[in-house]
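Participant: Take these sequences, add in the hints, and give me the full structure.
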Amino acid sequence: MGLAIELEKGGVPTVAVHTNVFARLAKSVARVNGMPNTRQAFVPQPVVGRSPSELREYIEGDDPVSGRRFIQEVLEGLTAPLDEEDQKGVSFDRTRPRLLEPATEEELHELFLRERWTDMLPIVLPTEERVEAMLKGTSRSPDEIVGRLRPTMFREFWEFNVEKVAVNAVMAGARPEYLPVILALASTGQTARSSSTTSFATIAMVNGPIRHEIGMNWGTGAFGPYNHANATIGRAYGLLSQNLQGGSVPGETYMGSQGNSYSYSACFAENEERSPWTPFHTAHGFDAEQSAVSAFMGGWYTEYGTIRDDTWADRFRLQLRAVDPFTGPLLALDPLAANKLVEQGFDTRESLQEWLAENSLRTARELWDNQWMQTLLRPRALLGEEPYASYLNVDPDQMVQTFQPEDIHPVVVGGETGGTYKMIGGMLRGNIASVDDWR
Amino acid sequence: MTKIQVHDPRGFPPKVTGKPLAPRLQTLDGKRVYLVDCLFDNSAVFIEQLKDWFAEHLPAVDTPVITPKESWVEDPEMCAKIIRDGDAAILGVGL
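Residue numbers (the numbering used here), protein chains in the order written: chain A, 17 to 455; chain B, 335 to 429.
I should point out that these hints are in silico values taken from the structure, not numbers from a laboratory.
Remember, it's a predicted structure, so these values are computed and weren't measured experimentally.
One thing to keep in mind: the hints can contain errors.
What the hints assert, rightly or not - DEER-style ranges, computed between Cβ atoms:
1. B:P393 x A:S69: 15 to 25 Å
2. A:M136 x B:D419: 46 to 56 Å
3. B:R418 x A:R40: 32 to 42 Å
4. A:E92 x B:G364: 14 to 24 Å
5. A:E92 x B:D419: 38 to 48 Å
6. B:G352 x A:G205: 20 to 30 Å
7. B:A394 x A:G267: 33 to 43 Å
To be verified - List time: in silico DSSO-like cross-link candidates among lysine-lysine, alpha-carbon distance up to 27 Å:
8. A:K104 x B:K353
9. A:K104 x B:K365
10. B:K353 x A:K25
11. B:K403 x A:K43
12. B:K415 x A:K25
13. A:K25 x B:K349
14. B:K385 x A:K43
15. A:K104 x B:K415
16. B:K349 x A:K43
17. B:K337 x A:K152
18. A:K25 x B:K365
19. B:K385 x A:K25
20. B:K353 x A:K43
21. B:K403 x A:K25
All residues carry an ideal CB built from backbone N, CA and C; glycine is no exception.
Facilitator: The following block contains the structure:
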């Protein structure tokens, strides 16, 4: 949609073709770009996996949104005369008061639910008193701009300040002392409510002294609903993402086909005390005495395992071959599992990253037979980006390395009740922020 | 029932400024209509079929296929080329 608008601004009449499930989204994007009548034509979903003859039928068939012939929509979109609104677009200002109209608590809960400002679970109403109390968790000014968020590329950015983050933290049930972590997550610019059709979630991990100060859980049940800070920080990250980016509404600002359970709340702390390796954040420019939070994008696959002397290597190889090749894993190891790997010779996190990368093998055919490898990485491979450029011309049955060491993130979490691990889709992409900056 | 006042939880959306559509063409005959393959999975096949349709039904329309350097990344050079050399554009599928 963004390109269509740029071309129209450049004087080039344009028709953007989408599949029908994106109709509401495409029209919404056109409107907030001030060009609501951007010409659009729709074909049935899906395009992926359809043969040339089937796609030809789409072109010669009906537009499933308008009910008219698809090709008629295209040709008239380029040639039919413009009306008055086409020639002006629409302008509007969405500035709103800080406070909502007074209402009873019951009415406000209904309003928040109806407007989709919640995660469909009960929230704490953000009264002025509660927000003021929350703001005591940071020295930053309520008016200070924290950052911008958007549901996905080519959508508009919405801006937000410290107070808006505090409002959403109150709604999630968080305590003021958690606010620096929540602000740090907000400052990454990484939404926890991505609109990607892949349904990815964002998983947060906290390192450093703040874990102790706010009583986080990095031991037994750290990923589960057993700790107030873990639960409400993760929930606050989700709520602030959807409300501060302009929504997360299925069919409009959320297109994840299946959704993701990690989106309810996914926040834990690293078990630095029982880890055989240095804390995760120290590999990313922080000192151990500093506190930081990392936001891993993914969560669309989760593999499980234990480290058995005779089979751990084969298990890892199989799992690394099975997972989505576009997304390197967050490898969350219980301390028992991490220490078993130390016994196998991995005395540093980096040595394990290197072994896992070298053993993340699959055939070139398997690597490229993936929608996101085709859509996002193949164009870069064609531009010469290695190692993917080299993978384009190899025998389809040749084994190629899927991940690079920096794509794989071993961390330690768990209470040592079992030597288990989870291999979770988790891209970091530099989204690690200082918590101390937001105290 | 007691009424209370609470904060609006939403962020600050940008102001929207109206933008006009480009003037439409009276005819496509003799014009160059860029077919932009947005690089989504299988969009190249769709664009190729669209090009074939034009060749069969409207052969007087020039329909070169053009692609951005990367999917999901703005390509100002491609955009400038279409504006400079093209009369119209069809984008497919999804960008």
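Participant: Each of the hints needs a verdict: does it hold here or not?
Facilitator: Quick rundown of the hints versus the structure:
1. Between P393 of chain B and S69 of chain A the beta carbons are some 21 Å apart, a value that agrees with the proposed interval 15 to 25 Å.
2. Separated by about 50 Å at the C-beta atoms, M136 of chain A and D419 of chain B satisfy the suggested range of 46 to 56 Å.
3. Between R418 of chain B and R40 of chain A the CB atoms are about 34 Å apart, so this pair conforms to the stated range of 32 to 42 Å.
4. Checked against the hint of 14 to 24 Å, the pair E92 of chain A and G364 of chain B passes, with Cβ atoms roughly 18 Å apart.
5. About 23 Å separates the C-beta atoms of E92 of chain A and D419 of chain B, a value inconsistent with the hinted range of 38 to 48 Å.
6. The hinted window of 20 to 30 Å between G352 of chain B and G205 of chain A holds, with their beta carbons roughly 28 Å apart.
7. For the pair A394 of chain B and G267 of chain A, the beta carbons lie near 40 Å from each other, so the given range of 33 to 43 Å is met.
8. With a CA separation close to 6 Å, the supplied pair K104 of chain A and K353 of chain B stays within the 27 Å bound.
9. Note on K104 of chain A and K365 of chain B: the hinted pairing holds, with a Cα-Cα distance of about 25 Å set against a maximum of 27 Å.
10. Straight-line distance between C-alpha atoms of K353 of chain B and K25 of chain A comes to about 7 Å, which keeps the hinted pair within the 27 Å bound.
11. A C-alpha spacing of about 26 Å is found between K403 of chain B and K43 of chain A, which places the hinted pair at or below 27 Å, so the restraint holds.
12. For a cut-off of 27 Å, the pair hint linking K415 of chain B to K25 of chain A stands: about 14 Å separates their Cα positions.
13. With a C-alpha separation of about 18 Å, the suggested pair K25 of chain A and K349 of chain B falls inside the 27 Å cut-off, and the hint holds.
14. With a CA separation close to 26 Å, the supplied pair K385 of chain B and K43 of chain A stays within the 27 Å bound.
15. Taking the CA atoms of K104 of chain A and K415 of chain B, the gap is near 25 Å; set against the 27 Å cutoff, the hint holds.
16. Under the criterion of a C-alpha separation no larger than 27 Å, the hint pairing K349 of chain B with K43 of chain A is consistent with the structure, at around 17 Å.
17. Using a Cα cut-off of 27 Å, the hinted pair K337 of chain B and K152 of chain A holds, with the two alpha carbons roughly 26 Å apart.
18. Simply put, K25 of chain A and K365 of chain B have alpha-carbon atoms about 19 Å apart, close enough for the 27 Å limit, and the pair holds.
19. This hinted pair checks out: K385 of chain B and K25 of chain A have alpha carbons roughly 25 Å apart, not beyond 27 Å.
20. Restraint check for K353 of chain B and K43 of chain A: satisfied, since their Cα atoms lie roughly 15 Å apart, inside the 27 Å limit.
21. A C-alpha spacing of about 21 Å is found between K403 of chain B and K25 of chain A, which places the hinted pair at or below 27 Å, so the restraint holds.
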